[in-house]
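Chain by chain, the residues:
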Amino acid sequence: MEIEIRVQETPLDVAAELMPLYTGNAAVGGVVSFVGLMRDFNDGDPVSGMTLEHYPGMTEKALRAIVDEAAARWELLRARVVHRVGQVWPQDPIVLVAVASAHRGEAFRACEFIIDYLKTRAPFWKREQTADGRTRWVEARASDDAAADNWQTAEPAPATRRVTP
Amino acid sequence: MIKVLYFASLKERLGRADETLQEVPPTIAALRELLVSRGGVWSEVFAEDRPVLAAVNQEMATAERALQPDDEVGFFPPVTGG
Numbered sequence: 328m329e330i331e332i333r334v335q336e337t338p339l340d341v342a343a344e345l346m347p348l349y350t351g352n353a354a355v356g357g358v359v360s361f362v363g364l365m366r367d368f369n370d371g372d373p374v375s376g377m378t379l380e381h382y383p384g385m386t387e388k389a390l391r392a393i394v395d396e397a398a399a400r401w402e403l404l405r406a407r408v409v410h411r412v413g414q415v416w417p418q419d420p421i422v423l424v425a426v427a428s429a430h431r432g433e434a435f436r437a438c439e440f441i442i443d444y445l446k447t448r449a450p451f452w453k454r455e456q457t458a459d460g461r462t463r464w465v466e467a468r469a470s471d472d473a474a475a476d477n478w479q480t481a482e483p484a485p486a487t488r489r490v491t492p
Numbered sequence: 085m086i087k088v089l090y091f092a093s094l095k096e097r098l099g100r101a102d103e104t105l106q107e108v109p110p111t112i113a114a115l116r117e118l119l120v121s122r123g124g125v126w127s128e129v130f131a132e133d134r135p136v137l138a139a140v141n142q143e144m145a146t147a148e149r150a151l152q153p154d155d156e157v158g159f160f161p162p163v164t165g166g
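Residue numbers (this note's numbering), protein chains in the order written: chain A, 328 to 492; chain B, 85 to 166.
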């Protein structure tokens with residue numbers, strides 16, 4: 328299992344991040360990725376920009392722990408989480424989660440699991456700049472907690488029980 | 085002695101990012117009480133009903149978590165990454 332975790336201020340090049348998920352490993356049968364983008368609208372207001380703050384040190388540990396938990400649940404070959412911090416603008420990719428496995432089922436589930444857990448467990452905070460020049464901290468969403476909680480009661484994924492001929 | 089870090093809206097409201105405390109309160113809950121006892125904005129930020137999360141040595145921690153000398157404690161609001 329090869330894991331790459333990165334927090335960076337520089338722009339996120341989605342295409343360049345995906346290729347290393349499979350290059351040189353012919354056991355990889357599929358790569359599933361999630362790209363979180365900055366919207367220009369939130370809670371009913373136009374948003375012109377955003378800064379992301381994090382807890383250096385803890386962030387990397389938390390992301391690693393989430394990916395390790397996914398790797399314990401599903402058979403994964405490679406995984407990568409890259410998260411922006413600092414100033415971002417609408418349309419900028421903020422986060423990339425990408426997972427490679429032999430079969431798509433594991434990769435789909437693991438990718439969703441990682442982003443759901445990241446949203447409630449990784450220490451990042453967003454501060455929005457609204458169009459009229461004000462700034463405000465983004466509030467946590469109850470729906471994100473619910474999405475993460477769902478994985479605690481979820482049955483083991485069928486893919487992990489399947490015997491591949 | 086312990087190191088205490090504040091992040092995001094907490095850092096902004098408290099006007100500081102970190103501090104060192106000579107005293108080592110027995111638990112996270114006791115540390116919160118100590119901070120509340122400072123009064124003013126401290127008591128508002130750390131009041132019991134406020135959703136403040138804590139980490140000890142960079143791992144999420146509950147209110148009952150015991151503290152040891154040289155621990156690093158982080159306090160922050162619910163996270164909003166992704």
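Some hints could be false.
Now the in silico label distances, taken between C-beta atoms and shown as ranges [unchecked claim]: (1) B:M85 x A:A342: 41 to 51 angstroms; (2) A:Q335 x B:S127: 36 to 46 angstroms; (3) B:E107 x A:G356: 49 to 59 angstroms; (4) B:V120 x A:T462: 19 to 29 angstroms; (5) B:T111 x A:D395: 39 to 49 angstroms; (6) B:M85 x A:P373: 40 to 50 angstroms; (7) B:A150 x A:A399: 47 to 57 angstroms.
Listed below are several chain A residues computed to face chain B (Cβ distance under 10 angstroms; list not exhaustive) [said to hold, decoys possible]: (8) V355; (9) H410; (10) D419; (11) F435; (12) K446; (13) T447; (14) P450; (15) F451; (16) K453; (17) R454; (18) Q456.
To be clear, the hints were calculated from the coordinates, so they are not data collected in a lab.
Think of the CB as a built atom: it goes at the ideal place given N, C-alpha and C, for glycine as much as any other residue.
These are the hints, each one checked on the structure:
The hinted range of 41 to 51 angstroms is satisfied by M85 of chain B and A342 of chain A, whose Cβ atoms lie roughly 48 angstroms apart. Taken as a hint, the range 36 to 46 angstroms holds for the pair Q335 of chain A and S127 of chain B, whose Cβ atoms sit roughly 38 angstroms apart. Restraint check, E107 of chain B to G356 of chain A: a C-beta distance of roughly 56 angstroms satisfies the suggested window 49 to 59 angstroms. Between V120 of chain B and T462 of chain A the beta carbon distance is about 27 angstroms. The supplied range of 19 to 29 angstroms therefore holds.
Distance hint check for T111 of chain B and D395 of chain A: the Cβ-Cβ separation is about 27 angstroms, which falls outside the suggested range of 39 to 49 angstroms. Between M85 of chain B and P373 of chain A the C-beta distance comes to about 47 angstroms, which sits within the given range of 40 to 50 angstroms. Under the hint 47 to 57 angstroms, the C-beta atoms of A150 of chain B and A399 of chain A, about 27 angstroms apart, miss the expected range. Look at V355 of chain A: its Cβ only gets to about 25 angstroms from chain B, farther than 10 angstroms, so that hint breaks.
Satisfaction of the interface hint for H410 of chain A is found here, the shortest Cβ-Cβ separation to chain B being roughly 6 angstroms, below the 10 angstroms cut-off. Annotation: D419 of chain A was flagged as interfacial toward chain B, and the flag is violated, the nearest CB pair being 14 angstroms apart, outside 10 angstroms. Because the beta carbon of F435 of chain A sits about 17 angstroms from the nearest beta carbon in chain B, more than 10 angstroms, this interface hint is broken. The beta carbon of K446 of chain A is positioned within 10 angstroms of a beta carbon in chain B (closest approach about 4 angstroms), and the interface hint is therefore held.
The criterion of a C-beta within 10 angstroms of any C-beta in chain B is met by T447 of chain A, whose closest approach is roughly 7 angstroms, and the hint holds. Because the beta carbon of P450 of chain A sits about 5 angstroms from the nearest beta carbon in chain B, less than 10 angstroms, this interface hint is met. At a threshold of 10 angstroms, the smallest CB-CB gap from F451 of chain A to chain B is about 3 angstroms, leaving the interface hint in force. Because the closest C-beta pair between K453 of chain A and chain B is about 5 angstroms apart, less than 10 angstroms, the hint holds.
Hint on R454 of chain A holds. Least Cβ distance to chain B is approximately 8 angstroms, under the 10 angstroms limit. Because the beta carbon of Q456 of chain A sits about 15 angstroms from the nearest beta carbon in chain B, more than 10 angstroms, this interface hint is broken.
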